[in-house]
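Respectively, the protein sequence lines represent chains Y and E. Take numbering that gives the first Met the number 0: the final residue in the first sequence is number 264, and no numbers are missing along the way. Take numbering that gives the first Met the number 0: the final residue in the second sequence is number 264, and no numbers are missing along the way.
Keep in mind that a hint or two might mislead.
[To be verified] Below, simulated BS3-like cross-link-like pairs (lysine-lysine); rule was C-alpha separation at most 27 Å, straight line: (1) Y:LYS248 to Y:LYS137; (2) Y:LYS14 to E:LYS22; (3) E:LYS22 to Y:LYS140; (4) Y:LYS22 to E:LYS14; (5) E:LYS140 to E:LYS14; (6) E:LYS137 to Y:LYS248; (7) E:LYS150 to E:LYS248; (8) Y:LYS236 to E:LYS22; (9) E:LYS150 to Y:LYS122; (10) Y:LYS79 to E:LYS236; (11) Y:LYS22 to E:LYS140; (12) Y:LYS14 to E:LYS140; (13) Y:LYS79 to E:LYS248; (14) Y:LYS137 to Y:LYS150; (15) Y:LYS248 to E:LYS150; (16) E:LYS122 to E:LYS236; (17) Y:LYS14 to E:LYS248; (18) E:LYS137 to E:LYS22; (19) Y:LYS150 to E:LYS122; (20) Y:LYS150 to Y:LYS248; (21) Y:LYS22 to E:LYS150; (22) Y:LYS236 to Y:LYS14; (23) E:LYS150 to E:LYS14; (24) Y:LYS140 to Y:LYS248; (25) E:LYS137 to E:LYS150; (26) E:LYS150 to Y:LYS150; (27) Y:LYS22 to Y:LYS150; (28) E:LYS140 to E:LYS150.
Keep in mind that the hints were calculated from the coordinates and are not lab data.
2 protein chains.
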Amino acid sequence: MEDTGLRDVDIIRVKSGYPAEEKDQVVVEMPLTIFLNGREFVTLLCSPFSLDCLAVGFLRSEGLLFDSGDLEEISLDREKGFVYVRTAGSVDLEEKLYGKRTVTSGCGKGTVFFNVLDSLQSKPVVSSLRLSGEVLLKLLKEMQNNSALFKATGGVHSAALADREQLLFCSEDIGRHNAVDKIVGRCILDNISMDDKILLTSGRLSSEIVIKGAKMGFPIIVSRSAPTTLSVEIAAKLGITLVGFARGKRLNIYANPNRINSDSL
Amino acid sequence: MEDTGLRDVDIIRVKSGYPAEEKDQVVVEMPLTIFLNGREFVTLLCSPFSLDCLAVGFLRSEGLLFDSGDLEEISLDREKGFVYVRTAGSVDLEEKLYGKRTVTSGCGKGTVFFNVLDSLQSKPVVSSLRLSGEVLLKLLKEMQNNSALFKATGGVHSAALADREQLLFCSEDIGRHNAVDKIVGRCILDNISMDDKILLTSGRLSSEIVIKGAKMGFPIIVSRSAPTTLSVEIAAKLGITLVGFARGKRLNIYANPNRINSDSL
């Protein structure tokens, strides 16, 4: 059974001048240490579910594996917060780790080891995916309605995978990068293509979220939050349709609007 | 003159079914590369102001310098996005960088190189600082009112330093860690003590924000957002007064409530 991701804590709640001892539900944050091919690799701070997806998605985002064929074994010691991943080929960790470092602005680690600027050399996304703004707003609303933890605590991010008709699955995490990595990891574990899907996120669209999406080939990235200048530039250059501030009956298209049919909104 | 941190971009705004070509103000995200003692150290993604404070605060948070006495020189090449820092002593970068890595959930890098769990061995904060919840709410409101960028874009975090009476200064950044590091850096550059001050942030109170605050000796950390189980535990253990969901006329005290006088709220 998955952890609910919530714990009761004793707090003093002060409301219009009156303090009261109460219980409050607080979102769980736990360390997850990834061992890659027998070697301690990294510790992530995360919410306590979909940990296998998180580990695989993180390693994919960092370029340490690419598809399920690269995965030989994955096992989780939930008690210790350890996940052991064995890949088919050997990975040159030294080179991966000790090269250029970019520390990003991302909630949920961003990308520690990859160079944001290099990724501008990524190939543009090509996809014939089209859908209406109306469907996009419906998908985002559905993701939000699915986010039990956010409703309970206000302290987590959501992400989701969708095709042009429906939400396929959602994730939640204290970090917006973790939430996206959980989606990526599940796609890899279940052999689901990403280059014909939509990535939805509750979090800000910073450059490294867009670069992460681009690496997976997502043609459309949507958020209820704001983009940045760098993320707009990157999305424009890489052929990604970037939609921000998608809330209620409105949305802003920041790059490559051709994939969104707005008449029907 | 400081950059406004905003750029106009062309967007398609879709509102209740009608698409329109419009201008939108988007928050600037830029790479800042820190050179430490002549060597390229790290690239941060950040908002384009208080870059010297950000560099110094980041290095302090990573334990690579401690006070202004450790700083020999700092110079900024704004055009290139480079900042050159020279420290008084030599820094064993290899050891700092290639030791245990924890990648945190933080917006704005968190802490790439330090081990979250080790920091539980930090010394508890000792401080006689006391203030009323009323003043705390006033300080947070003032911080929010000062945040021009947030008002314009909804895409940035704020942080601020306050004493028991007033706000001393604020910072803004696309990353919540960057915003806090800018406060820390300014304190170091201006020789301002932190162990008798209040750290305010608009962002979530994840463990590494609390650990960062603890390292600086802040006795009180306040946010309008949610804490996590790990951050509450750490604050309790380290003697830090942790206040979350401070909005309007209410706030929640998650640890060490003794410093907040709630009768007068």
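These are the hints, each one checked on the structure:
no. : hint                 : in the structure
1   : Y:LYS248 to Y:LYS137 : holds (9 Å)
2   : Y:LYS14 to E:LYS22   : violated (41 Å)
3   : E:LYS22 to Y:LYS140  : holds (26 Å)
4   : Y:LYS22 to E:LYS14   : violated (41 Å)
5   : E:LYS140 to E:LYS14  : violated (31 Å)
6   : E:LYS137 to Y:LYS248 : violated (34 Å)
7   : E:LYS150 to E:LYS248 : holds (21 Å)
8   : Y:LYS236 to E:LYS22  : holds (19 Å)
9   : E:LYS150 to Y:LYS122 : violated (35 Å)
10  : Y:LYS79 to E:LYS236  : holds (21 Å)
11  : Y:LYS22 to E:LYS140  : holds (26 Å)
12  : Y:LYS14 to E:LYS140  : holds (16 Å)
13  : Y:LYS79 to E:LYS248  : violated (41 Å)
14  : Y:LYS137 to Y:LYS150 : holds (18 Å)
15  : Y:LYS248 to E:LYS150 : holds (21 Å)
16  : E:LYS122 to E:LYS236 : holds (9 Å)
17  : Y:LYS14 to E:LYS248  : holds (6 Å)
18  : E:LYS137 to E:LYS22  : violated (34 Å)
19  : Y:LYS150 to E:LYS122 : violated (35 Å)
20  : Y:LYS150 to Y:LYS248 : holds (21 Å)
21  : Y:LYS22 to E:LYS150  : violated (33 Å)
22  : Y:LYS236 to Y:LYS14  : violated (49 Å)
23  : E:LYS150 to E:LYS14  : holds (20 Å)
24  : Y:LYS140 to Y:LYS248 : holds (10 Å)
25  : E:LYS137 to E:LYS150 : holds (18 Å)
26  : E:LYS150 to Y:LYS150 : holds (24 Å)
27  : Y:LYS22 to Y:LYS150  : holds (16 Å)
28  : E:LYS140 to E:LYS150 : holds (13 Å)
Of the numbered hints given earlier, the model fails hints 2, 4, 5, 6, 9, 13, 18, 19, 21, 22; all others are met.
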